[in-house]
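Colleague: The residues making up each chain are set out below.
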Amino acid sequence: MNAMLHNTTTLDLSMSELSALVLRATKGAGFSWGEADEAADACVWLAQMGAECVGPLLDVLLDKTSCAPDINVAVWEGASVICPLRSGIILRDFVNLPKGLAGGNLVIKQVQNWYFLLPFISNSAVSLGQNIVMKAGADTFNLFADGSIDELPEIPSAHAANIEITTTTKNEVHPPKVKLHRAKITLEQYEAISNLAMQMTVPTSNISEAGAGSSGSDND
Amino acid sequence: MTCESLNQFPDSVNFRRPASKVMRLERLGSAHPMRLSFLRILLRRVEQENWQFKRAVFDLDSNGVGHAIYSVTGPERTYSLVCFSHDLPADKRSDRVIATAWDATFTLFDGVPDRHDIERLEKNVPHQEAGRVSSRELTLSRANRSVRLFNDVVETLSQGNQPDLNALAKTGYLMRTTAVYGSGKFGAADWRTISDRPEMMCPFQAEMLSVWLIRSFTIDLVNHLAEAKGGNSSVKLGEAARNLLGVGNSTGLGMAPYLVKHPVLFNNLVMVREEALARVRSLKTASENQIEDFSKALGAAVENAHLWQSEHPVQVKKLTELRQGLADLSSYVNETMDWGTAHPWDALWQWGEANLQIEAQEALLSLLLEPHGSIIDDLACCMADSQTVFNQINGGMLIGQMIDLINDSYSWALDYSYKEQDECARFWYVSEDKLEPRLGERHSEPGHEQELPLDIGRQVSQLSGQLAGWNKDTPIAEFLLMHPQFRNIVRRLQKTINKPFAEIQDNLISADLMPIDMLRCKLAFFGANRFDPRSDRWVRISLFQGLPYPDELCEVCD
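Chains A and B, in that order, give the protein sequences.
To convert, note that position 207 of the first sequence is 208 in my numbering; the numbers rise steadily by one, no gaps.
To convert, note that position 337 of the second sequence is 1507 in my numbering; the numbers rise steadily by one, no gaps.
Just so you know, the hints here were simulated from the structure itself, not pulled from any lab data.
Please note that a few of the clues may not be correct.
Said to hold, decoys possible - Below, a list of computed lysine-lysine pairs in the DSBU-like style, where the Cα atoms sit at most 30 Å apart:
hint, chain 1, residue 1, chain 2, residue 2
1, A, 65, A, 110
2, B, 1191, A, 180
3, B, 1669, A, 185
4, A, 180, B, 1431
5, B, 1642, B, 1669
6, B, 1692, B, 1340
7, B, 1191, B, 1399
8, B, 1340, B, 1399
9, B, 1454, B, 1487
10, B, 1431, B, 1466
11, B, 1355, B, 1262
12, A, 185, B, 1604
13, B, 1669, B, 1262
14, B, 1669, B, 1431
15, A, 180, B, 1665
16, B, 1293, A, 185
17, A, 185, B, 1431
18, B, 1466, B, 1191
19, B, 1692, B, 1431
Isolated chain B (complex conformation) (with noise of 0.2 Å):
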């Protein structure tokens, strides 16, 4: 299926932001969750499709300890997230990826799983990467308690007393997932096996789904361990406090290179954002329905900014821009906006980008597509890659055809001076002890000979260098043949063809490179809000905060 059958907007072409702009770091990375965030499609498919919801087991004991199983059923398949409940010391709690043990570890199953599952899970899952699990299975992830509040919010309700409200949004959760594995990893099944199923089609949606059914089992284990305590005189999580609870996440620089690995997934999800809101935008008026709705969600967006909470110096400055920027786009759609003139949605547009920082106006998109569901919600089915093995190269492609994609696509690369030692002083690569991607210092440090390809830039500028002493009418072939170093950026740029959006236009080996850029982006995507930095190279965020619960959305069965 091409997007251009779904397209009723031909207008909106001239409402798109160009890619230069769009792909700077700086910009993706103060990226905001929007309304074709992965987890609102999901949300919104459950919704529509009317599926239903059941706590098929919960046993624990009176520690907490135990398994419970959560299904919901759509309208062909039933999936099933099993949650193994343990009681971890103090001091083995650690977000990182070297932990080994969890509070909580959980797997989505693909159906309902019997007693032989439950035991082959048993013995996998609560060891998360040392476990396997098997094609059954479509996520593998696992919490932490958010000891504070969560201990508090049980002692509370065990004395039959709702939590302090304040201290609930403030957090903003209970446990936070530290990794949410899917697409075939540890054993689990390959996306490709599911991406058939219209309700997997979407990036991501069975991790979406685990961690929306983890948030349930979040509160049904404070109400638990309250009633464990407190007997007949404990409460349940009254629904004020619920609906300021979300599901925590820790990510680290694991997630970082995800985009740039896979820059066609990456291109789909940027285009379909930024052709929502040049829909927006091409829009010739403005409806009394579409203003109301675009106001309440600035008010949610003002007063979610006052809520979030951050010590990190970078986040600060960003959220001082935020609400600044907020009160100032508050005051001028309440004062100024003249919503009778001609392509109003624009006008404000126009208005944000000459009067907001980045920040802002990044949410100034994000409230923008807020009132036009009916528009631009069917872009989701275009953000998936479709693309199946043997991405082969062109081999056919003439050098001047390359060094003329490099100048129109990827000119961005050639503005760094890459021999300079700060636009060099990174290397990434992958952890000996966890596999897992880091960021070296490429003038102090050991390993850069095992670099990474994330260089982009860089690997466009060589090439491009390289081939400036080739006669423009020779194969790519005949130089792959003589440099075969260069085939994995060829190959890139091959593939990125006619994909404006596949690139971070920003060098990413730079010294001063904010991998949590690349992190915020990528979680915005998500739907994740509450960005809270640990370091430069570390985030806190929140995920399905204020959004409707599966006993809330779906029908419940016994």
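Okay, chain A solo, but in the shape it has when bound (with noise of 0.2 Å):
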């Protein structure tokens, strides 16, 4: 860990240092490389809205009983409860295709940590050129096709909740998109999540200890 983090209990990353770091703890995680471009992305996008976005995602990367959801069905459900990267990535990559909500309006089963699917149907939104409004349990979302969002609650529990998702007409203008450049996080989740990221990273060899810096002296 960071030598100077140890007087502090919160960390203020930049983006690209949040993009990275959720880069490599997702791989680490065992998702592929292109999985973990989504959760990086998704991930700036909540913290970009002021919303947590390490501790959903946490919930998310260490959850080992959730999979991606059948879609060759109504209604998209699985075997266990439904991952909500695995479910938003698939829902992006169909949205505008029969099976997706270019379709009509789609009901996820039981997705576990759904918070985290926000930013997936966020930018189905912008890609449909539509509102959507997303049902989660008793809570309701507004998601506009400007990539707007109303507001964000509070994290809720990780609990799994069937997901409705309606597509509406587009309207007026709303606030700016990106509400926050900075990504606070604890210090807490910085170590759970550098630790996943450790997962992906290979112990030096010392043939490429050897050939990785000058031959040579660098008292020239």
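With the hints as a guide, bring both chains together as one complex.
Modeller: Structure, rendered in structure tokens:
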């Protein structure tokens, strides 16, 4: 851990730091590089909206029970609870296809840590050029075609919920999309995500160590 | 803004080099600095906008320990380089990223720092990666002395003499930076938060500004130490000596993957350079002033090639080719070239392609751009990558379209047999100790399971193989549902549509890969010269050598 962090309880990360850290952590947790890219983009989006980001991500990455949904049925569901990262990715990939939102409103059953779906649904609204209403249990969110979103609530518990995604018409102008340029995370979160990120690193070999630097002295 | 509206040279399309030629690593690794390099872009702006320069603080003791602040002010903003100077024992001096102490450490502050800022920075900047900076800081960097030359210069100046110019020219710098971090690293401001400022819009302008101001600090430091040692007998470094000195830089593998990880930016950089060359070649005539400026630039290049030293076998061979090539070019220009011919610059270029080695051909490219600022400098504004978050995959793209895309733009990737031992000999990874990119030997070292996705050619080849079994009318989203491991390369292929210069068109995991070619390519875009490899993955260079100092280009304020 960074030696200067011992005296602090929260960290102020740049968005590029957040993105790089999430990319590595997601890969370290066993996702593919492409999925890790999406997780990094999603976390940056949440942070820019002033929302909690690393906490929900850690819930997603550490959850070993969830799976991708079967989308060849009217209601998307799986053998266990649904992973929000994998279902969010699929939702976006299919956004303009008949199996996705272009084909009508969707229901995804039992999405674990569903808060992490929000970036993907917001991006789907932009892609479709339509506003979207997302219902997660008792909570309702409006995600607009210009990329803006209603105020986000405190992070809810990681419980699974059925998600209803409904497209509506495009309407009025909204506040600026990006609210923050920095991400505040707790030291505890930083340590947890850094530990995951370390899982994709490799000990430097002697051969690599010898070749990585100048073979001569730097006191020239 | 698109570049199309700026193009007053529609004929240039007929003079563009194909990506299949430009993007080979051997050629990219022979790149030379040019007038569209980042540091030249910075200096042009500073001069055009009459920036002001101020050495606001210089508080160093007789050992050179303390801090200094250098500020420059443009039309709207002030930027301040905060320097912390240390007394580093020789056994602590290392240019490697694993070092924990340096002769000097720096940060570029956005504005003018107050006492509280300095106190905060003093607790963090000297620790570099082990410290934190904030959104008020744009870069974080450090430098080590070129000990022998540095001490000799101090000693000589302290005795009232000027140093040996040959020795200065041979090394080319008093201090070399070993990292210049920007773009949000270690807590600094993200580039996106300052990219709407005209002076920061082009890539790496904050980093270049930092190094330019560091150059002033290195001169002030030797003058200060000489005075502390020699008192009234000492003299300051003379103008001739100053001009021979730039700022050195030691760069290792950490920089190599950058060009692969930023394909859109890479495309833009090369596209701008290639468009500049094409515009020059498309000119129907050459004016006397242009010919004279070209000849001056050629003379300077010949001299630079003479002074450029390296002991690395790869660079020794390249230097031989360069010196011979520039000599041949000089002879041709002075004795044979017919400037009255139609499209004379193109004629010269074609002669170069037929008669010069790659190293000298790329030097000729830089030389051809030199007299033509009025028709190419505006291209600098097209370099940045304005891509925002969520560059999503187009899941509706049909598999047949993806196959066409591979065949049209990535056919080079299908030319290798990646199952051959030598064609997959290496793998890129992130090191556990410093979180830096490294290159491993796949067949003799552990860790390839954690391989970084820099093996672009092999990924394309594997994707191509998998797609062959699918119906061409199926959306790629269906394919990715079954094969999420291909998301990364599918996203990349879609991202680089109509970006012909996005990819290094070579196998980046082959046994004969030379990582220094990747380093040199990027460093040439910075504006670096005097490339001096210390291994196949470690290079020293010089920045700003022979270019004006802040106190020469700016109005100096007290």
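Colleague: Give a verdict on every hint.
Modeller: So, going through the hints one by one against the coordinates:
no.	hint	result
1	A:65 to A:110	holds, 18 Å
2	B:1191 to A:180	violated, 44 Å
3	B:1669 to A:185	violated, 36 Å
4	A:180 to B:1431	holds, 27 Å
5	B:1642 to B:1669	holds, 24 Å
6	B:1692 to B:1340	holds, 23 Å
7	B:1191 to B:1399	violated, 56 Å
8	B:1340 to B:1399	holds, 25 Å
9	B:1454 to B:1487	violated, 36 Å
10	B:1431 to B:1466	violated, 38 Å
11	B:1355 to B:1262	holds, 24 Å
12	A:185 to B:1604	holds, 24 Å
13	B:1669 to B:1262	violated, 45 Å
14	B:1669 to B:1431	holds, 14 Å
15	A:180 to B:1665	holds, 26 Å
16	B:1293 to A:185	holds, 21 Å
17	A:185 to B:1431	holds, 26 Å
18	B:1466 to B:1191	holds, 28 Å
19	B:1692 to B:1431	holds, 13 Å
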